[in-house]
Amino acid sequence: MERMQQVVGRARAAFNSGRCRSLEFRIQQLKALERMVKEKEREILAAIKADLHKCGHNAYSHEIMGVLGELALTMEKLSSWAAPQPVKRNLLTMRDEAFIRYEPLGVVLIIGAWNYPFVLVMHPLIGAIAAGNAVVVKPSEVSENTAQLIADLLPQYLDRELYPVVTGGVPETTELLKQRFDHILYTGNSTVGKIVMAAAAKHLTPVTLELGGKSPCYIDRDCDLAVACRRITWGKYMNCGQTCIAPDYILCDPSIQSKVVENIKATLQEFYGADVKSSPDYERIINKRHFKRILGLLEGQKIAHGGETDEASCFIAPTILTDVSPESKVMEEEIFGPVLPIVTVKSVEEAIEFINRREKPLALYVFSNNKELIKKVISETSSGGFTGNDVIMHFFLSTLPFGGVGNSGMGAYHGKHSFETFSHRRSCLIKDLKMEGTNSLRYPPSSQKKVDWAKFFLLKRFNKGQIGLAVLALLGIVAAVVLKVSFG
Amino acid sequence: NPYAGLVNHLRTTWLSRRTWPMEYRVAQLEALGRFLEEKEDEILEATTLDMGKPRFETQLSEIFVCRSELNHTLNNLSTWMKDEHVKKNWAMQLDSAFIRKDPYGVVLIIGPWNYPINLLLVPLIGAIAAGNCVIVKPSEVSKNVERLMAETLPKYLDKDCFAVVAAGVEGTTRLLENKFDYIFYTGSPSVGRVVMTAAAKHLTPVTLELGGKNPCYVSDSCHVQNTARRLAWGRFFNAGQTCIAPDYVLCSLEMQEKLMPALREAIAEFYGPNPQESSSFARIIGDRHFQRVRALLSSGRVAIGGQTDTGTHYIAPTVLVDVQQDDPVMKEEIFGPVLPILTVKSMDDAIAFINARERPLAIYVFSSCKQVVNQVLERTSSGGFCGNDTLMHFTLTSLPFGGIGQSGLGNYHGRFTFDTFSHPRATLLRGNGREAFNKLRYPPYEPRRLPLLRSATQTRRHQTCAIL
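Chains A and B, in that order, are what the protein sequence lines are.
Residue numbers 11 to 498, in my numbering, belong to the letters of the first sequence in order.
Residue numbers 515 to 982, in my numbering, belong to the letters of the second sequence in order.
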């Protein structure tokens, strides 16, 4: 396991060499990454297909398109994101330079997940490179084909010392986590999230944890049920339900439960045809372990649709469960599979109370024509993110920070938020060695006069807008001169 | 768990959403303002009893800072609470996309003893402003302030939402076993690790304001007297017990010779011929720290000061020279009125010296040459940076205050405190229409749809025009 120490040590030495500081270098690496994604598209799609039985178009739109978009955005905006940001000054610092510098953290660790094995490594990697860090990448071993591909490809396109890829399972990851990093971004489940944070605590390493939970979906009686169910069907069954922000379960009034089932059934037919198993657009469960786990959740449940399985191919048909009891197993853990339980509630208040009794989810969805109702749910609940009248989509707007809260995670990324996650905001104040006059009021020995002047300078008693900046500056200079005369 | 009842009580009130409306938060903040005004004398008394803090220093660094932050927060709260609308892509032009600032819930603030008012109340201001319920745990080391906080603060704030817990190490450990929705800790790196480890059990996000040894490089070209004055002020304020105090000086031998008389003059100017008699000089907080700092006086050679008085925990403003990097005074954060000077041959050596050590909370440079200041700034890493002065970057609320690496994680002050205690929630509100457009994303998948989908949702890299 000395290997881990060496890999991280090399990355640190490479970081300390300073070569990833310049924006030109970072953009050059991002460009190389872009070339990799374009040139090796077929290989990437093939690996994802091997891991998740995902068809090419699907894999392209889920994993590759987003990455290319993120790369374009980052390269476009990097110079403005990385520029020092001047800040508002007070009377005392009026003549000084005050700004925030965005600086790299150092060596960061990115631990990927298996459900979107390419994009969940690439998105953070783009932000980490853009922010000027060295990055150790650890793709999930569960999606072994994509992990191996990433391990093969990255060294072909990127600086090998700065951006090493480490493969392996639990023992390798445990060893990796003993090393010292300057930030760790982990995507996965809450249990391992706690282990990652505890390991990070030993080195006082900041972390971003993209975890999960059960993302509720409330369907109001007043909504376009056909549209709602189509969107829910899309979000729930894409990637065979193995999406961290999939609508995990539905909350709705008992009077519309059967209509919801009808609409989803109709949409499933539209999407996957009569024989789902033979549709090229429907994925499979990642492995036997998860297959068995999800199968276990169906026990004792009322299956309104689906329920067919085939262990050999890890196939589970799109399934809907009705009249599900809140205490049942399927309502205890994140399903992460193509099983959609419907729990009936009599009102939106009951739905809100139901949601608030549980851990804060990564995403929350509400379908309603009533804008006030949607606002009410947002205001009275907490979640990582929220989409009204659709599912998943807040993930696709890179100006929105993507992350969890409470058990569903901490920190966020995407777009500029990735850059900021992997940067240190360093406060800088540059003063003049002259102009000692204003300083005298803070030096001992003290006096009531000094206290009064200090109050004038430090307490924001007046509305600056009323006075105007010019007058303020004049006041500042006058005050400085007066002080120099009286105390200098 | 002795505190489970208290935490549950706060959580129950939290669920009732009492702290959410702006009017409520403003009322609580104004009550905090009344506490600072009405109990000013008690605050001055308590800090004097705890560490002989000169009243002027308490006014400046504790009361004024809190009032300033309070006013700034009250002036801007409605703006900060507003939903932050974000730029949308083509596909979402008709949607509403914004970041909602949600409170976290029940948060814990653990304060230190060196600025026991400021470092406890400024985070509290932000936590209240952000709509949370808060438990504050003042440091048991600054006993008088702890008593004042525990007995008096609850009289001003809503008891169902805000509580003060007085506890030592044992009690704090039990307190940390409870689940909080955010923990804000100011103190040492070693306890910072303990706090973060406890937080990890509940996946609680944290801000840790820690410390380290803040280097101060003095270049050969500088205004010596002004430098000495600013350096002495920063080092000896609060008898050196400041997390961002300049911990040690790096300079050339020539500069050291020039600095000595200048430092002597500044110290005399500030504290008179006998600092022990000055009402402007604080004392070390307690026996343990007094012994600890006194032991560091044996490093190198005492050039200025060095007198101590065990009875009053007095250590004179002291400057040490001939200090080596392996001396005891260079092994830990000094947190006392002792300023070691180490000589270096050049700015490059100074930078190398700084970079060989843990990243500090602050780095200082004194130079009349702009390039020198910029070089040190660009070639080092630290929480914050101040050129040609000490401590002052702390007073500008528009600058985020925090550390990096061993000196901390997260930041606060001004709006950053509000942001620290808020969860930025991504919100997208769509309509029922344009379902035809959505067809692009539904199965069965047709590759010909991809280009349209791509152009609607992606950012295109602007091409530079060859002609222009």
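Derived by calculation from the structure, the hints in this document are not laboratory data.
Note that CB positions come from ideal geometry on N, CA and C, so glycine has one too.
Where hints are given, some of them may not hold.
What the hints assert, rightly or not - To spell it out: a stretch of chain B is covered by chain A in this simulated footprint if at least three of its residues, at any positions, have a beta carbon under 8 Å from a beta carbon of chain A; those stretches are:
{"#": "1", "stretch": "660–666"}
{"#": "2", "stretch": "679–687"}
Unchecked claim - Have a look at the derived ranges for each label pair, beta carbon to beta carbon:
{"#": "3", "chain 1": "B", "residue 1": "K596", "chain 2": "A", "residue 2": "S323", "range": "48 to 54 Å"}
{"#": "4", "chain 1": "B", "residue 1": "G820", "chain 2": "A", "residue 2": "P94", "range": "50 to 56 Å"}
{"#": "5", "chain 1": "B", "residue 1": "K602", "chain 2": "A", "residue 2": "K302", "range": "40 to 46 Å"}
Claimed, not checked - Chain A is nowhere near these chain B residues, computed Cβ spacing over 10 Å in every case:
{"#": "6", "residue": "V540"}
{"#": "7", "residue": "E544"}
{"#": "8", "residue": "F570"}
{"#": "9", "residue": "L724"}
{"#": "10", "residue": "T822"}
{"#": "11", "residue": "D841"}
{"#": "12", "residue": "T857"}
{"#": "13", "residue": "Q885"}
Consistency of the hints with the structure:
1. A stretch counts as covered by a chain when three or more of its residues have a beta carbon under 8 Å from one of that chain; for the stretch 660–666 of chain B and chain A the count is 0, and the coverage is violated.
2. With 0 residues carrying a beta carbon less than 8 Å from a beta carbon of chain A, the stretch 679–687 of chain B misses the three-residue requirement, and the given coverage is violated.
3. Roughly 51 Å separates the CB atoms of K596/B and S323/A, a value that falls within the hinted 48 to 54 Å.
4. The given range of 50 to 56 Å is broken by G820/B and P94/A, whose C-beta atoms sit roughly 42 Å from each other.
5. At about 42 Å, the CB distance of K602/B to K302/A agrees with the hint of 40 to 46 Å.
6. Against chain A, the non-interface label of V540/B holds: every CB pair exceeds 10 Å, the least being about 16 Å.
7. Non-interface status of E544/B relative to chain A is upheld: no Cβ of that chain comes within 10 Å, the nearest being about 15 Å off.
8. Non-interface call for F570/B relative to chain A: violated, since the shortest CB-CB distance, roughly 3 Å, does not exceed 10 Å.
9. Once the 10 Å rule is applied to beta carbons, L724/B is inconsistent with being away from chain A; the minimum gap is 7 Å.
10. Distance to chain A confirms T822/B as a non-interface residue, since its nearest Cβ pair spans about 20 Å, more than 10 Å.
11. Non-interface call for D841/B relative to chain A: holds, since the shortest CB-CB distance, roughly 25 Å, exceeds 10 Å.
12. At roughly 21 Å, the least C-beta separation between T857/B and chain A is larger than 10 Å, which holds for a residue marked as non-interface.
13. For Q885/B, the shortest C-beta to C-beta distance to chain A comes to about 12 Å, beyond the 10 Å cut-off, and the non-interface label holds.
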